[in-house]
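Colleague: Keeping their order, the protein sequence lines are chains A and B.
Going by the working numbering, the first sequence opens with residue 30, and the numbers climb by one from there.
Going by the working numbering, the second sequence opens with residue 131, and the numbers climb by one from there.
These aren't lab readings, by the way, just hints derived from the structure by calculation.
The following label-pair restraints were derived from C-beta to C-beta distances:
id	chain 1	residue 1	chain 2	residue 2	range
1	B	Gly138	A	Asp252	17 to 27 angstroms
2	A	Gln306	B	Gly138	18 to 28 angstroms
3	A	Gln306	B	Val142	14 to 24 angstroms
Positions of the beta carbon are idealized from the N, C-alpha and C atoms, including for glycine.
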Amino acid sequence: MTDDTDSSTPALQADRLGRRYGRVWGLRDCTLTVPAGAIAGLVGPNGAGKTTLLQMIIGLLQPTEGQVSVFGQTSHADAAATLARVSFVAQDHPLYRDFSVADMFHLGRAMNPSWDQELAQERMDRLGIPLKRKVKHLSGGQQAQISLTMALAKRAPLLVLDEPVSSLDPVARLEFMRDVMATAADTGLTVLIASHVVSELERFCDWLIVLTSGHVQIAGPVDGLIAEHRLLTIPRATPDAELPGLRIHRTDSDRHSTALVRADPARLAARLRPGWQADPVGFEQLVMAYLQHRPQTAAADDPVLAAARPGPAAKEVTR
Amino acid sequence: MFRFRLDGSTGVPPYLQLVHQVRQSLLLGYLLQGDRLPTVKDVAGDLAINPNTVVKAYRQLEHEGLAAGRPGQGTFITGSLSPDPPGAPGAQQALRESLEKWLRDAEDAGLSDDAVTALIAVARHDVNKEKV
Numbered sequence: 030m031t032d033d034t035d036s037s038t039p040a041l042q043a044d045r046l047g048r049r050y051g052r053v054w055g056l057r058d059c060t061l062t063v064p065a066g067a068i069a070g071l072v073g074p075n076g077a078g079k080t081t082l083l084q085m086i087i088g089l090l091q092p093t094e095g096q097v098s099v100f101g102q103t104s105h106a107d108a109a110a111t112l113a114r115v116s117f118v119a120q121d122h123p124l125y126r127d128f129s130v131a132d133m134f135h136l137g138r139a140m141n142p143s144w145d146q147e148l149a150q151e152r153m154d155r156l157g158i159p160l161k162r163k164v165k166h167l168s169g170g171q172q173a174q175i176s177l178t179m180a181l182a183k184r185a186p187l188l189v190l191d192e193p194v195s196s197l198d199p200v201a202r203l204e205f206m207r208d209v210m211a212t213a214a215d216t217g218l219t220v221l222i223a224s225h226v227v228s229e230l231e232r233f234c235d236w237l238i239v240l241t242s243g244h245v246q247i248a249g250p251v252d253g254l255i256a257e258h259r260l261l262t263i264p265r266a267t268p269d270a271e272l273p274g275l276r277i278h279r280t281d282s283d284r285h286s287t288a289l290v291r292a293d294p295a296r297l298a299a300r301l302r303p304g305w306q307a308d309p310v311g312f313e314q315l316v317m318a319y320l321q322h323r324p325q326t327a328a329a330d331d332p333v334l335a336a337a338r339p340g341p342a343a344k345e346v347t348r
Numbered sequence: 131m132f133r134f135r136l137d138g139s140t141g142v143p144p145y146l147q148l149v150h151q152v153r154q155s156l157l158l159g160y161l162l163q164g165d166r167l168p169t170v171k172d173v174a175g176d177l178a179i180n181p182n183t184v185v186k187a188y189r190q191l192e193h194e195g196l197a198a199g200r201p202g203q204g205t206f207i208t209g210s211l212s213p214d215p216p217g218a219p220g221a222q223q224a225l226r227e228s229l230e231k232w233l234r235d236a237e238d239a240g241l242s243d244d245a246v247t248a249l250i251a252v253a254r255h256d257v258n259k260e261k262v
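Please model the entire structure based on the sequences and the hints provided.
Modeller: Pasting the structure below:
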């Protein structure tokens, strides 16, 4: 590895990153940092800009504005150098179907100067996948494992996984992620996982990025984010303006409401009224609240995106 | 070797689940002083869990005096937990008697079992809040 991969340089840094497709922005004003050694979850509905972000990170897509860097080096400046620093496992595990496993590894070795053949063969032994077997004769879970092996054997310091397990059965999913986590523990690998399966992400991630409608809603360390949010139980009549902190999501019942707010914990405690209750929020609840969050600014400052939106609320999921 | 498990549906953060399991196993005598806990890599690979979460759980156990890391060797159980706090059998007896009296008073006042449970939860919540 080069000397720019020390732990003080962030693994990933995006600065006002944006990408426009024709008149519509696929991603806009994306600013975030992921430290080296973190395992970051990227969550968002379809069409939120996840794949756009991932493709700019790995240098496959040119940003329209802003920039993104991997271990301090701008991704689109030198695509070949970027590819040496990033491993990418795509959603559909693209492999050459008529190749044998050994052929795939041969290709990997030819294309990657830092290829670790020993690691690749050892994983196949452990998983019981014969090197002579053709890719098309492998199960979906095995094909996913080949993709992961190709990515790990590159020995790149950042591993990017795009919906890596969505097509796998529960046992294959577990096996896949076990290997990712064991490798992270072993080598300090930084991982970015884009996923729909919010309930599974809690055990994987210590860093969280929520993306909706091309905008970053929240990004940061999971512990820190959970610490600065509270779930309030309050009388229904309480207006948002009187809530101690920024209202993220609110559900009204006949007499009471529950509201997720973001606030400094000490200040929030001081502003609680008698009869109000403040509870800590769980990971999944936090993510779901932000997935449904519609800040006024996101649409208002962007007439193109606002016009392109089909309408309020739930439509986004299928866009 | 001690093995952890993880339940994704409890709402309890993963690191706390690991801490609870060690505490519980100490109480039940399944973990003893001197036992070595699995390495961070083993737990991460076994449960498909973020290695930083395991590190955090082990740090918490060290903070509680239940475990200690030895450089190059791993993390070992150094403390013990006893269901009866040492030196306090009298105190526990007195607490039990006052609780039984309270439960009889609640029954006399017409509280159902559910109402008693709810009242205890509310009181515990308030006491915990005082601590924060």
